[in-house]
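Whenever a hint applies, use it, and build me the whole structure from the sequences.
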Amino acid sequence: MNAPILSAEARELALAGMGASRLRKEDARFIQGKGNYVDDIKMAGMLHMDIVRAPVAHARIKRINKEAALAMPGVHAVLTAEDLKPLKLHWMPTLAGDVQAVLADGKVHFQMQEVAIVIADDRYIAADAAAAVEVEYEELEAVIDPYAALQPGAPVIREDLAGKTEGAHGKRDHHNHIFTWDAGDKAAADAAFANAPVTVSQHMYYPRVHPCPLETCGCVASFDPIRGELTTYITSQAPHVVRTVVSMLSGIPESKVRIVSPDIGGGFGNKVGIYPGYVCAIVASIVLGRPVKWVEDRMENISSTAFARDYHMDGELAATPDGKILGLRVNVIADHGAFDACADPTKFPAGMFHICSGSYDIPAAHCSVKGVYTNKTPGGVAYRCSFRVTEAVYLIERMVDVLAQKLNMDKAEIRAKNFIQKEQFPYTSAFGFEYDSGDYQTALTKVLDAVDYPALRAEQAAKRADPDSPTLMGIGLVTFTEVVGAGPSKICDILGVGMFDSCEIRIHPTGSAIARMGTITQGQGHQTTYAQIIATELGIPSEVIQVEEGDTSTAPYGLGTYGSRSTPVAGAAIAMAARKIHAKARKIAAHMLEVNEADLDWEVDRFKVKGDDAKFKTMAEVAWQAYHQPPAGLEPGLEAVHYYDPPNFTFPFGIYLCVLDIDRATGETKIRRFYALDDCGTRINPMIIEGQIHGGLTEGFAVAMGQQMPYDAQGNLLGNTLMDYFLPTAVETPHWETDHTVTPSPHHPIGAKGVAESPHVGSIPTFTAAIVDAFAHKGVTHLDMPHSAFRVWKSLKQHGLNL
Amino acid sequence: MEVKLDKQYPLDVDAERAWTLLNDLKAVAGCMPGAQITEQLGEGSYKGAIKIKVGPAVAQFAGQVDVLETVPAERKMVMRGKGADKGGSSASMDLTAVIVADPANPAHCVLNGSASVIVNGKFAQFGGRMMVQVSDMILAQFVENFRQTALSLPAPASAAPAASATADRPTAEAAPAASHAAPKVASELNGLAIFWALLKNWVSSLFGKRT
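For the protein sequence lines, the chains are V and D, in the order given.
Per my numbering, the first sequence runs over residues 16 to 818.
Per my numbering, the second sequence runs over residues 124 to 334.
Everything labelled a hint here was simulated from the structure, so no lab data went into it.
All values reported here derive from a predicted model rather than from experimental measurement.
Quick reminder that beta carbons are idealized off the backbone N, C-alpha and C, glycines included.
Hints should not be assumed to be uniformly reliable.
With a Cα cut of at most 27 Å, we get these calculated DSS-like pairs of lysine-lysine [stated by the list, open to error]:
| no. | chain 1 | residue 1 | chain 2 | residue 2 |
| --- | --- | --- | --- | --- |
| 1 | D | Lys174 | V | Lys77 |
| 2 | D | Lys170 | D | Lys149 |
| 3 | D | Lys127 | V | Lys809 |
To give a feel for the contact side, a few chain V residues facing chain D, derived at Cβ under 8 Å [what the hints assert, rightly or not]:
| no. | residue |
| --- | --- |
| 4 | Pro70 |
| 5 | Val71 |
| 6 | Glu149 |
| 7 | Val150 |
| 8 | Tyr152 |
| 9 | Glu154 |
| 10 | Asp727 |
| 11 | Ala728 |
| 12 | Gln729 |
| 13 | Asn731 |
| 14 | Leu732 |
| 15 | Leu733 |
| 16 | Asn735 |
As structure tokens, this is what we get:
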């Protein structure tokens, strides 16, 4: 305890708390190949599962012949829906209030749907046996287009729902209709349009894409028939929710179900849902009494696990002639695939799509989203975004550009004119969100100055005037606001469980600590940043704080990591748990220093007696006292649990600007400059934020410039390999410039808003805006993604701009 | 996925012999690499099988071919083929084949084929991107076999006048003879050969004229 006397600043630096660019604790094991992923787990007597999948999108199953597969040496079982029926596990509930076939029950609804499973001694035998299972199909007409699906005579996709006119989200008016969800005030919006001097409308399609994490989905299920306990290692972003669902489905008490999410190789929304493969592996382990491993391959991951987006959107804006927006109307046809398996909060079947009024003060707004069944893979998850926020931001940012072009106004000027002003916060939008804080104009000015916006526009004008210019120049500007951190449990729940999150902190006698969380990192660096919050709150060096997540037997219950909720919700839980500990520590310190609690000041890592710098007790000394000799009337120990139910969402924002050059001969696009300013409130670890932003921008680049899931008219997915599906590498990825402002959230304990998803949400419309801007002088108001060279070249040709 | 094919193949065979051969479905199937007719179900209706291997996708289609329409005066035939394999791929094809005599050279004709092919399942997923190229190769092999088989038929000029008069109604005897005379073709498509041919086409397309 004879540490040299250091200044408060030096001690603060030594803590490596909030604001420090501390190196990631996780990386030491990852860069040495010492991570522990699901597929690394090997158990004694472990068997392997493979899945027989439907080759066609819509068909009746006439016959399944298992004989050849069962006859193969090393095959233990082949199970179909018929085998699961006695267990009532051939169908399961989805997170969206629908049901989904675990194994196809007489009918196939999408290509690559699970039809049968094979359990064998090893993965190779399982794969060979799966190929030997003969399934006879009677093909039915597939419905791929959601508009066609809503036609009166369209084939019935879900025969199991025959006669069901009430869905989980209200009335169903057609056999392929799932729900219609409205937000805002329709009458007010219609009135704004009726009297508006200027209106614009635009149809746009946000294509179906796939999060495509590097690690595919999988699990190792191990049922112990003696103890009646089930342990499952699983690629899940929400292990506690999985435990609840598994207990409900299997009838095993939740106390005997242990779900562990080990290291996860990226989730991006793809690992929120509960997939038939998991259920089948668990059933197989229960039936066979042995551990069963299932890990899907890349094609299975892209074809059969949750996709994102697939929104057909019609937007309209009403405005004054000088560009002040008066009203917004939006209609969406949402293609959900064959089962409604979105992972949105229960009351929000279109997630937070009603954030689509964006950063703008729009007096009247209404949106309507219609969910539709098609013969495609179920999903519709939040791919690196909060629920449907990417779609909403894309819509409003595109619409503002469309209006600017109609009025011949500058795209920066029209935004500034409509911003919610700094002094209007907290601001209640026409859709009812209460935006916590923001300062859009300061951020916009910073970006426009940084890139010398007027010079860019002048250069663009010169290029347009030159018929021999080999390139077209486009400038995309997006000023977006996100809604993240779901969410207040009075309006947000998943399967009835409120969307709080949790933290348990224990300070050990010698002053180090462990924190256990209800979230689970998939690359976000929780083990690094969470420790920094505790370090600052409690004055314990982050180096001696362990962060543990993902094991439902040790961690407190939490809803998991998706929708940028870790920092806004779990980060707040950490601060609140730490403050409980801090309050107890103050009592102990007062006792040790023989003063009143009120006579103590907190400084970095110690309680000091007011006015006497020499009289102090550090948190480490307090911890020892708590276990050694706590004051009378105080229980020993120094720990706390906090379940944080957020009072509101948080609203991070950003200003992104992209400059690109399109080769008029080839249609290839070169991103010349991408400037991303993010405001995520309080910044915990600037280095990790930088990494998050680079990652999100790169995934945004992937979506905008190349990702798509091409279904043909028969429902064949023609691009389910990484040969077709665009994952950018360092070769394709442009250089990113980042910047920030800090506008803390007033309702969050540490003012943090969440950051990982902003760059994805914000960058996608920026790329599209820049591409469209390159064609704007030809009257082009919108071009659908992906902006691949071929598609851009076709536009060049169509408008006579190709060389 | 759907592929539409519209092909013209000039042949150094007279129209009558080509038409005779076209009417013998069993012999025509023999010209198709990897294909065979296994059973006649009725007038103009056959059971058949074809084996195709493209990269990782192997399909052994078993199915049915029906002659929907024969117009001897136009030397036109309309067929529909449908098949599926055990691995879960299926295909259907509507084909219209017309033999057009070459007015400048009675010893030559043109085989016009237009087809709409719908492929479904694994074969579409894995082989989809090569469908057009592979179809072209298969058809090129088919046409070469067809040409050789037709040439091996007795030429109409040397045939008896009576045979010549009934040339557009092929005799039952002529057809099996044609089958016997058909050159031996591989019982399945040679994947390596296809690969090399695809590669060659691709490389030459890089330096070829852009359309």
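Verification of the hints:
no. : hint                  : verdict
1   : D:Lys174 <-> V:Lys77  : holds, 24 Å
2   : D:Lys170 <-> D:Lys149 : holds, 10 Å
3   : D:Lys127 <-> V:Lys809 : holds, 22 Å
4   : Pro70                 : holds, 3 Å
5   : Val71                 : holds, 5 Å
6   : Glu149                : holds, 6 Å
7   : Val150                : holds, 7 Å
8   : Tyr152                : holds, 7 Å
9   : Glu154                : holds, 7 Å
10  : Asp727                : holds, 4 Å
11  : Ala728                : holds, 7 Å
12  : Gln729                : holds, 5 Å
13  : Asn731                : holds, 4 Å
14  : Leu732                : holds, 7 Å
15  : Leu733                : holds, 5 Å
16  : Asn735                : holds, 7 Å
Consistency note: the structure conflicts with none of the earlier hints.
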